[in-house]
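A.B. asks: Residue numbers (my numbering), protein chains in the order written: chain A, 3 to 117; chain B, 5 to 120.
Take these hints with a grain of salt, some might be off.
[Unchecked claim] Computed footprint of chain A on chain B, listed as stretches where at least three residues anywhere in the stretch have a Cβ under 8 Å from a Cβ of chain A:
#	region
1	39 to 50
2	111 to 117
[Said to hold, decoys possible] Listing some non-contacts, in silico: residues in chain B with all C-beta distances to chain A over 10 Å:
#	residue
3	PRO12
4	GLY20
5	GLN21
6	GLN26
7	MET31
8	ASN32
9	PRO65
10	GLY67
11	ARG72
12	THR74
13	ASP77
14	ARG81
15	LEU83
16	THR90
17	TYR99
18	VAL120
Hints listed in this document are in silico derivations from the structure and should not be mistaken for laboratory results.
Beta carbons are placed, not taken as given, at the ideal position from N, Cα and C, and that holds for glycine.
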Amino acid sequence: AQSVTQLDSQVPVFEEAPVELRCNYSSSVSVYLFWYVQYPNQGLQLLLKYLSGSTLVKGINGFEAEFNKSQTSFHLRKPSVHISDTAEYFCAVSDPSGATNKLIFGTGTLLAVQP
Amino acid sequence: NAGVTQTPKFQVLKTGQSMTLQCAQDMNHEYMSWYRQDPGMGLRLIHYSVGAGITDQGEVPNGYNVSRSTTEDFPLRLLSAAPSQTSVYFCASSYSGVGGSGNTIYFGEGSWLTVV
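For reference, chain B alone in the conformation it holds in the complex (with noise of 0.2 Å):
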């Protein structure tokens, strides 16, 4: 059982380029997030989705798009990446969301983007 996977683990972007950072979960579950990790700032939640078809903003969206075409597949894209970008991106995912049930939310091993 793979969990959650991340694609990929590093990735060094120049300022305006675009890439997905691929997220993928063989569980089953219905929620699925993605994260970035700062230092002294924590995790700060960027998108999530409920289902195939629905997605919606967390706390820092901006310059971020995700879809959700399939249960398993959640990616993240950079539009025209910039130095701010540059984070430790973590996707997660959940049975059935967080709120209402308490799931537990399972982390994939992260993705290092640097973006000089």
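The shape of chain A in the complex, shown without the other chains (with noise of 0.2 Å):
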């Protein structure tokens, strides 16, 4: 079966320093993943995935994150965060093979920019 952990419940930072969100997985085949994000009461909106090629995939809003298959990790990672990043990050996890048609989240991070 396949999991994710986000170890870091919270990250708080100072406006314009550089953040990265921690996400590591497991599963015993290939994998896709994704991060999400969750602006305080609304639903959630992809911001980047990785599918297969290039391990460094740039997602929307100045984020990026970079697959490292034999550490099993996938960080999301931001050069200078804003005050409007401040929002809840999830890590999610699915099966490329289409054996189990699901999307498995973590638990999430929540940034907290400060100013």
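Could you fit the two chains together into a complex? Lean on the hints.
C.D. replies: Below is the structure:
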């Protein structure tokens, strides 16, 4: 079975500082990996996804993530955050074979950007 | 283009009552799903459907029923509400499932349910 671990439940950071949100996955097969963002009182929207190819994936709002197969990680980064980036961020995994048609989420990381 | 629409947005139920959360999408998506979101637990999959007439269980299906009679609609029924079902519920859809193609899932804005 696939699973996702987001070790940091909350990450405080000052505005214009860099940030990294950590995501590790567990799977016996290859995976698709996703990062979603949830702004307060809203649904989730896709930031970026890794399906295949280049391990560095660029998404919306200046975010990027790097797929590291040897470390089973898919960490999200942004070189300079803004107040408006304050939100909860979810890492998710699915099975490319389609054997299980499920998107499995981590527990989320709250990014709190302070002025 | 409305996307994924959920109703109601807020609901308070008494223990033992039943209710239906409605979900509709206008993107002609084959795949639809329901998640619940609880503090510290992320989103957990309740039920999903890969097309009209086809449904399957997710991680936490107990206490919930679904049906998919049309491509557009995927209602979630609580048969006998319990306080443990107090949560935020999200409906989501994608073009053709999340496995095999890595399709993006589109979420509704959520339904806040309190069971007292």
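A.B. asks: Each of the hints needs a verdict: does it hold here or not?
C.D. replies: Tested hints:
1. 39 to 50: Satisfied; 7 residues make the cut.
2. 111 to 117: Held - the region 111 to 117 of chain B has 4 residues with a Cβ nearer than 8 Å to chain A, which meets the minimum of three.
3. PRO12: Given a closest Cβ separation of 15 Å, the condition holds.
4. GLY20: 29 Å, holds
5. GLN21: 25 Å, holds
6. GLN26: 15 Å, holds
7. MET31: For B:MET31, whose nearest Cβ neighbour in chain A is about 14 Å away, the distance exceeds 10 Å, so it holds.
8. ASN32: 18 Å, holds
9. PRO65: The claim holds: B:PRO65 sits with its nearest Cβ about 12 Å from chain A, beyond 10 Å.
10. GLY67: At about 19 Å from chain A, B:GLY67 clears the 10 Å cut-off, so the statement holds.
11. ARG72: 14 Å, holds
12. THR74: 19 Å, holds
13. ASP77: 18 Å, holds
14. ARG81: Given a closest Cβ separation of 21 Å, the condition holds.
15. LEU83: 23 Å, holds
16. THR90: Per Cβ check, B:THR90 is outside 10 Å of chain A; nearest 17 Å; holds.
17. TYR99: For B:TYR99, whose nearest Cβ neighbour in chain A is about 12 Å away, the distance exceeds 10 Å, so it holds.
18. VAL120: 21 Å, holds
Going down the numbered hints, you'll see the structure goes against none, and every one checks out.
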